Amino acid sequence: MATGQASLPPLDTTRAPEGGEVGAVQSGWRLALREFVRNRLAVVGVGILLFFVVFCFLGPFFYHADLLDVSLINAHDPPGAGHPLGADTQGFDVLGELMKGGQAALEIGFFAAFVAITIGALVGAVAGLAGGIVDTVLMRVVDIFLSIPFLFVVLILASRYGASVLSLSLVIGGFSWQVPARLVRGEVLTIRERDFVLAARTAGSGRWRLIRRHLLPNSLGVMIVNVTFQVADAILAVAYVGFLGFGLHYPNLDWGDMISDGVGYMQDGYWWLIYPVGVCIVLTVMALNFIGDALRDSLDVRLRRR
Amino acid sequence: MSAYLLRRIGTSIIVLIGISIFMYLLLHVVFPSPARVALGLRANNAQIAAFNKANGYDRPVFDQYLTYINGLLHGNLGYSYAENQTVAALFAERLARSIYLSGISLLLAILIALPLGIFQAVRRNSLGDNVATSLAFILYSMPSFFLGLILIQIFALSFPILGFEASQSTSIWTVIGDWHDMLLPILTLVLITVANFSRYMRSSSIDVLAQDYIKVARAKGLPERLVLTRHMARNASLPMITLIGLFLPALLAGNLIVETLFNYQGLGLLFFNSLQKEDYPVLLAYTLLGAVFVVLGNLVADFALTVADPRIRLA
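Those protein sequence lines, which keep their order, are chains A and B.
If you use the numbering used here, the first sequence closes out at 306, no skipped numbers anywhere.
If you use the numbering used here, the second sequence closes out at 315, no skipped numbers anywhere.
Note that these hints are calculated values from the structure, not bench results.
Just so you know, these numbers come straight off a predicted model, no measurement behind them.
Be aware that a few hints might be false.
[Claimed, not checked] Examples of chain A residues toward chain B, derived with CB under 10 Å:
id, residue
1, Leu58
2, Pro149
3, Gly245
4, Val282
[Stated by the list, open to error] No farther apart than 20 Å at their CA atoms in a straight line, the calculated lysine to any residue pairs in the SDA-like style are these:
id, chain 1, residue 1, chain 2, residue 2
5, B, Lys277, A, Gln267
6, B, Lys53, B, Pro32
7, B, Lys277, A, Gly245
Ideal Cβ positions, reconstructed from N, Cα and C, are used throughout, including at glycine.
Working from the sequences, and respecting the hints, build out all of it.
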């Protein structure tokens, strides 16, 4: 981080005067992008993530695997012709399953993060802007949700109501908005004292307009950074839920589910049931963590300096 | 100082009440009455209604909540119809095993992560630092069950020197003595936790190393060993107190996964089995106790921080 700061152009002299949020934000974004691209790990992370998006969503168009009809004659086929990564207990092709499971993981990851950041940003912005009793009550609610062990509640709801991409996203997102709420509140607390907010108020902006046009756009930096980590955490959460057997059901599947199917066959040496999936999970989550760290280095610091 | 502590305790109590209301309502919506579990699938509606009336499940929700909380405060955690035991008895059987697994893992993780983070900060960007950072990054992104499976593959299947199932003994002392079977579950939790902690310890140590008092200590000719042990270690460890408090929910979740993976008869495995049996009294009690544990842990961490760091004097 220290080296990154040293290589920055003199920021304070070039920044736009406060008030014209469009100009100031754009130049900040461009600088942030330059810094982001310079970070090698970030580029690697983006590369891995893009690979998985292409692999999972476009792969099935080129690689046709039958994931619907059980074919026990192929069960546990080792990697070879016809099944590049072998076949699982039901004779399904592992490579095809990886793509399908990855779709679920990425969809749930991004959608859950979207839910979490939406709730979090609204709660944080309202709490930060309103202050006083509203702030206190909302922050206690955040404390309450922070103390409830997240995985346990997700498991209870998933086991009771069944898991689908939509329900898992809503549940995971609905129980992970606390951190973004705190972050956005912190940003809003400093932004609301700035002159351009005063100007907007003087011009007659209502609270909702202040939040929508001024407070949230200016907290976008912390939100983007947090979303990246949220996606990573959600993908891990799906893997946990799937591994414990409460994930998606046939004909859908998720990565955690695939690993738990393979656990019983470890002593038989069926490595292709476990390691390819595991590596996919680790690589995806790691790529998101790389991106998140790099975004924090390039966005967060700059936003605080501005 | 005492005003701060009092206020902190006050908010914790409010948060605890909020958690209990939320969790009770949630579980009530999810599972209003254990009649089906208690009476079996062939019970008719009249029998279910009679059961609900006899056991108070037809009363208003808030009334039931007050009864439940009253029971909780008197040590009655509810009744598990699936197991035909009180929840308290089920917990008592397994509590010691879970405390042992989590406690020793957390302790070992701290003992490893603190020196590791300091080492990484002092030898910044050296080969050792880079290797440790990369490993931490991989472990940090790894689901704990996958790490457990890799460890099982290496140490129990490829080179069979350790057991792939945790100790099944009912005596906690036998469990503690059974290193052969307990090492892998403990190692799994320790590695995941170290990966979490060492990153923070490293950056916190780097911050401390840049402070003026470290320069002064070096300038007055103090040997580097004393600079590190006397001036740096304690200051760099301070943020870790808060971090450990914040890490408690993850520790509970890690326990659930590791106990399930290694078939260790602790509270996490009990939760998993209860999920499959739809044994909601156990689920409610465990989630609530987990939340209480997290709140208390954070409270203790905050107090510990004010004791350990004399600069913190919040009014």
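(request) Answer holds if the nearest beta-carbon of chain B is closer than 10 Å to that of A/Leu58; otherwise answer violated. (result) This interface hint is violated because 24 Å lies over the 10 Å limit.
(request) Hold the hint about A/Pro149 up to the distance rule: shortest CB distance to chain B must be less than 10 Å. (result) 4 Å, holds
(request) Would you settle whether the hint for A/Val282 is holds or violated, based on the nearest Cβ-Cβ distance to chain B being less than 10 Å? (result) Holds, because the Cβ-Cβ distance from A/Val282 to chain B comes to roughly 5 Å (cut-off 10 Å).
(request) Mind checking the CB of A/Gly245 against every CB in chain B and telling me if the closest is under 10 Å? (result) 8 Å, holds
(message) Check whether the Cα positions of B/Lys53 and B/Pro32 lie no farther apart than 20 Å.
(response) 13 Å, holds
(message) With the threshold set at 20 Å, check whether the alpha-carbon distance from B/Lys277 to A/Gln267 stays at or below it.
(response) 28 Å, violated
(request) Take a quick look at whether B/Lys277 and A/Gly245 sit within 20 Å of each other, Cα to Cα. (result) Given that 20 Å is the threshold and the Cα spacing comes to 13 Å, the pair holds.
When the structure is compared with the earlier hints, violations turn up for hints 1, 5 and for no others.
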